[in-house]
Amino acid sequence: MTASAPLLAVDRLRIEFPTRRGTLVAVHDVSFEIARGEVLGVVGESGAGKSITGAAIIGLIDPPGRIAGGEIRLEGRRIDALPPAEMRRVRGREIGAVFQDPLTSLNPLYTIGRQLVETIRTHLSTGEAEARARAIALLEEVGIPAASRRIDQYPHQFSGGMRQRVVLALALCAQPKLIVADEPTTALDVSIQAQIIQLLKRLCRDHGTAVMLVTHDMGVIAETADRVAVMYAGRIVEIGPAADLIHRPRHPYSIGLMGSIPSIGGSVERLVQIDGAMPRLDAVPSGCAFHPRCPRAIERCRRELPELRPAGATRAACWLAGSPVEQAA
Amino acid sequence: MIAFVLRRLAQTFAVLGVVALIAFALFNYTGDPIAFMVGQDATLEDRARLRQELGLDRPFYVQFARFVGNAVQGDFGVSLRQGRKVSVLLAERLPATLELSLAAAILALAVGIPAGVYTALRRHGVVAHALLAASLVGVSLPTFLIGILLILLFAVQLGWLPSFGRGDTVALGGWTTGLLTASGLKSLILPSITLALFQMTLIMRLVRAEMLEVLRTDYIRFARARGLTDRSIHFGHALKNTLVPVITITGLQLGSIIAFAIITETVFQWPGMGLLFIQAVNFADVPVMAAYLCFIAVVFVVINLAVDLLYYAVDPRLRIERGAAH
Numbered sequence: 006m007t008a009s010a011p012l013l014a015v016d017r018l019r020i021e022f023p024t025r026r027g028t029l030v031a032v033h034d035v036s037f038e039i040a041r042g043e044v045l046g047v048v049g050e051s052g053a054g055k056s057i058t059g060a061a062i063i064g065l066i067d068p069p070g071r072i073a074g075g076e077i078r079l080e081g082r083r084i085d086a087l088p089p090a091e092m093r094r095v096r097g098r099e100i101g102a103v104f105q106d107p108l109t110s111l112n113p114l115y116t117i118g119r120q121l122v123e124t125i126r127t128h129l130s131t132g133e134a135e136a137r138a139r140a141i142a143l144l145e146e147v148g149i150p151a152a153s154r155r156i157d158q159y160p161h162q163f164s165g166g167m168r169q170r171v172v173l174a175l176a177l178c179a180q181p182k183l184i185v186a187d188e189p190t191t192a193l194d195v196s197i198q199a200q201i202i203q204l205l206k207r208l209c210r211d212h213g214t215a216v217m218l219v220t221h222d223m224g225v226i227a228e229t230a231d232r233v234a235v236m237y238a239g240r241i242v243e244i245g246p247a248a249d250l251i252h253r254p255r256h257p258y259s260i261g262l263m264g265s266i267p268s269i270g271g272s273v274e275r276l277v278q279i280d281g282a283m284p285r286l287d288a289v290p291s292g293c294a295f296h297p298r299c300p301r302a303i304e305r306c307r308r309e310l311p312e313l314r315p316a317g318a319t320r321a322a323c324w325l326a327g328s329p330v331e332q333a334a
Numbered sequence: 007m008i009a010f011v012l013r014r015l016a017q018t019f020a021v022l023g024v025v026a027l028i029a030f031a032l033f034n035y036t037g038d039p040i041a042f043m044v045g046q047d048a049t050l051e052d053r054a055r056l057r058q059e060l061g062l063d064r065p066f067y068v069q070f071a072r073f074v075g076n077a078v079q080g081d082f083g084v085s086l087r088q089g090r091k092v093s094v095l096l097a098e099r100l101p102a103t104l105e106l107s108l109a110a111a112i113l114a115l116a117v118g119i120p121a122g123v124y125t126a127l128r129r130h131g132v133v134a135h136a137l138l139a140a141s142l143v144g145v146s147l148p149t150f151l152i153g154i155l156l157i158l159l160f161a162v163q164l165g166w167l168p169s170f171g172r173g174d175t176v177a178l179g180g181w182t183t184g185l186l187t188a189s190g191l192k193s194l195i196l197p198s199i200t201l202a203l204f205q206m207t208l209i210m211r212l213v214r215a216e217m218l219e220v221l222r223t224d225y226i227r228f229a230r231a232r233g234l235t236d237r238s239i240h241f242g243h244a245l246k247n248t249l250v251p252v253i254t255i256t257g258l259q260l261g262s263i264i265a266f267a268i269i270t271e272t273v274f275q276w277p278g279m280g281l282l283f284i285q286a287v288n289f290a291d292v293p294v295m296a297a298y299l300c301f302i303a304v305v306f307v308v309i310n311l312a313v314d315l316l317y318y319a320v321d322p323r324l325r326i327e328r329g330a331a332h
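Residue numbers (the working numbering), protein chains in the order written: chain A, 6 to 334; chain B, 7 to 332.
Just so you know, the hints here were simulated from the structure itself, not pulled from any lab data.
Hints may be right or wrong, so weigh each one.
[Unchecked claim] So these bits of chain A aren't anywhere near chain B, every CB distance computed over 12 Å:
# : residue
1 : Phe22
2 : Asp67
3 : Gly74
4 : Glu99
5 : Asp187
6 : Ser196
7 : Gln203
8 : Glu304
[Claimed, not checked] Computed list of lysine to any residue pairs in SDA-like fashion (alpha-carbon distance at most 25 Å, straight line):
#  : chain 1 : residue 1 : chain 2 : residue 2
9  : B       : Lys246    : A       : Asp16
10 : B       : Lys246    : B       : Gly165
11 : A       : Lys206    : A       : Ala247
12 : A       : Lys182    : B       : Asp224
13 : A       : Lys206    : A       : Phe37
14 : B       : Lys246    : A       : Thr116
15 : A       : Lys182    : A       : Arg305
16 : B       : Lys246    : A       : Lys206
17 : B       : Lys246    : A       : Ala227
18 : B       : Lys246    : A       : Glu146
19 : B       : Lys246    : A       : Ala247
20 : B       : Lys246    : A       : Gln162
21 : A       : Lys206    : B       : Ala31
22 : A       : Lys206    : B       : Arg227
23 : B       : Lys246    : A       : Asp157
24 : B       : Lys91     : B       : Ile40
25 : B       : Lys246    : A       : Arg307
26 : B       : Lys246    : A       : His161
27 : B       : Lys246    : A       : Arg137
28 : B       : Lys246    : B       : Leu221
29 : A       : Lys182    : A       : Ala227
30 : B       : Lys91     : B       : Ala31
31 : A       : Lys182    : A       : Gln162
[Claimed, not checked] Listed next, the stretches of chain B that the computed footprint assigns to chain A, with coverage defined by at least 3 CB atoms under 8 Å from CB atoms of chain A:
#  : region
32 : 56-67
33 : 211-225
34 : 232-239
35 : 243-253
Virtual Cβ for every residue (Gly too), placed ideally from N, Cα, C.
Whenever a hint applies, use it, and build me the whole structure from the sequences.
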């Protein structure tokens with residue numbers, strides 16, 4: 006990390022959901038940073054708190070969920086407690102977002118051109134014609150053929166992959182510095198997924214845009230991310246450079262996740278499966294939340310919660326991670 | 007598109023034929039019109055002669071065929087009670103009913119849509135809760151009771167507004183309008199509120215439910231994530247998406263407004279077609295009743311057709327699919 010402030014700094018973020026049966030904590034003390042132009046992959050099972058962390062960064066947590074503690078800073082400026090009108094100007098202009106399902110992300114009743122022009126003109130002081138020219142250029146950049154004709158078409162006239170390209174154009178159209186991409190390829194055909202990931206990588210490299218890439222697809226992470234954060238039960242359990250985390254994971258949960266990636270060309274062995282399921286938010290075990298499923302758990306894991314600490318090239322929240330563990334599978 | 011309209015027109019005629027048959031069949035059992043037309047002391051021969059003159063002694067299907075044949079030419083026969091042509095009677099009453107119905111429909115939309123949007127956007131606010139509670143009254147109170155309560159308050163207690171009739175009217179060609187005179191406008195207020203109240207609350211609740219539904223969709227979330235203004239999200243993106251179901255219900259409700267104007271017209275002695283119909287029922291005036299029912303059927307099918315066409319204006323997905331089908 007350079008001496009200047011990181012692009013995004015999340016510090017001890019805590020997100021709670023008040024319910025009738027008490028407060029559920031969806032995200033505990035999550036801290037991480039994203040540098041300019043960096044791709045941070047955030048992985049974990051469903052319900053680990055990945056998506057809600059992304060939602061917190063763009064200021065769109067669905068009520069009754071709320072940020073109960075910690076800070077989110079963009080270029081050193083706190084954005085987690087901005088008034089709604091100011092946060093609105095951050096969204097789209099400084100932090101873009103891409104969601105899971107391109108089929109439902111576009112308003113069916115407006116042409117894609119109208120949606121692009123409206124977004125551009127909301128954030129940049131341009132005239133109608135200039136915004137439209139910019140929209141056409143963006144559509145060409147994301148690989149929409151015959152962009153000057155297709156700009157006047159409606160979303161239902163585009164295929165799923167093409168719609169996700171339009172969504173990327175919409176997310177990028179005001180030149181944000183960071184994009185929060187929440188499972189951007191999950192809803193797409195496998196053959197289209199790779200194209201969209203390549204496109205996302207290229208666009209962000211060309212524009213110098215940083216990405217927080219939320220996914221449960223380890224293949225996407227391996228291909229795209231510079232650094233990876235692994236989340237489990239609302240906490241980051243391991244974070245570090247992608248190559249190290251994928252090849253030499255330290256936390257037993259990361260080891261299990263990496264072991265579940267099928268490798269082509271490697272010797273055919275059984276894929277590792279992590280037994281059991283992630284605990285529900287209202288029944289998180291004491292100590293390390295992973296201990297009931299952990300093959301290496303010791304007595305201390307049941308009582309004390311481990312903090313993130315250096316373990317090899319990454320940082321892991323595991324009592325055993327200080328000593329190197331051989332990779333499973 | 008043209009094929010679609012033609013198909014709908016064919017359906018329209020089928021529906022109208024069935025309505026005409028049902029209406030005509032029903033009215034054969036509403037009583038003997040001859041008994042109302044002649045005096046107590048009429049002889050049996052007099053009655054038989056009148057029955058023959060009016061064609062009422064012919065078989066049912068002959069009467070019906072003659073009725074349909076004439077109706078197609080705009081001739082609904084002669085009112086058994088007033089001895090005047092039914093088409094003229096209806097034409098005289100039509101402006102009063104249409105003005106009342108349109109005023110009520112505009113009122114219902116002008117209040118119902120903004121109130122629905124408001125209660126959806128400020129759904130935890132005090133005003134929104136108050137509006138919702140008030141709308142329950144509008145949905146559950148019967149129309150005649152609302153009318154009577156309004157008369158009691160504004161006509162009897164306060165004396166601000168007339169309690170019955172249409173006020174002074176001005177004839178514009180064949181159309182008599184109450185919209186150009188002060189007394190005509192004042193007379194319109196209470197009946198149109200009475201007629202509009204139910205529709206207003208219905209539209210409000212419908213718009214609210216649809217709006218809440220749309221606000222939860224991914225494209226609204228994505229619009230927020232792009233930093234669009236609340237005004238654009240709520241009134242551009244969300245409201246337009248709520249309009250398709252709202253158009254359907256509103257269209258159907260416009261038909262009901264015209265049809266159910268009967269009750270309001272009776273309460274306020276409004277000289278429209280509904281009042282004419284009620285009077286016709288009392289005297290078993292079959293031609294008038296049949297013509298009225300056919301008219302209402304025409305109103306419903308025409309509005310349905312218009313609603314279907316409006317979909318195309320609002321929803322581009324339909325335009326394309328239809329376009330591709332040709």
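Going down the list of hints, with the structure as the test:
| no. | hint | result |
| --- | --- | --- |
| 1 | Phe22 | 17 Å, holds |
| 2 | Asp67 | 9 Å, violated |
| 3 | Gly74 | 24 Å, holds |
| 4 | Glu99 | 9 Å, violated |
| 5 | Asp187 | 10 Å, violated |
| 6 | Ser196 | 23 Å, holds |
| 7 | Gln203 | 22 Å, holds |
| 8 | Glu304 | 45 Å, holds |
| 9 | Lys246/B <-> Asp16/A | 40 Å, violated |
| 10 | Lys246/B <-> Gly165/B | 42 Å, violated |
| 11 | Lys206/A <-> Ala247/A | 15 Å, holds |
| 12 | Lys182/A <-> Asp224/B | 23 Å, holds |
| 13 | Lys206/A <-> Phe37/A | 21 Å, holds |
| 14 | Lys246/B <-> Thr116/A | 13 Å, holds |
| 15 | Lys182/A <-> Arg305/A | 42 Å, violated |
| 16 | Lys246/B <-> Lys206/A | 35 Å, violated |
| 17 | Lys246/B <-> Ala227/A | 42 Å, violated |
| 18 | Lys246/B <-> Glu146/A | 30 Å, violated |
| 19 | Lys246/B <-> Ala247/A | 45 Å, violated |
| 20 | Lys246/B <-> Gln162/A | 19 Å, holds |
| 21 | Lys206/A <-> Ala31/B | 74 Å, violated |
| 22 | Lys206/A <-> Arg227/B | 24 Å, holds |
| 23 | Lys246/B <-> Asp157/A | 18 Å, holds |
| 24 | Lys91/B <-> Ile40/B | 18 Å, holds |
| 25 | Lys246/B <-> Arg307/A | 55 Å, violated |
| 26 | Lys246/B <-> His161/A | 17 Å, holds |
| 27 | Lys246/B <-> Arg137/A | 22 Å, holds |
| 28 | Lys246/B <-> Leu221/B | 12 Å, holds |
| 29 | Lys182/A <-> Ala227/A | 23 Å, holds |
| 30 | Lys91/B <-> Ala31/B | 21 Å, holds |
| 31 | Lys182/A <-> Gln162/A | 30 Å, violated |
| 32 | 56-67 | violated (count 0) |
| 33 | 211-225 | holds (count 3) |
| 34 | 232-239 | holds (count 6) |
| 35 | 243-253 | holds (count 3) |
In the structure shown, a violation is registered for the earlier hints numbered 2, 4, 5, 9, 10, 15, 16, 17, 18, 19, 21, 25, 31 and 32, in ascending order.
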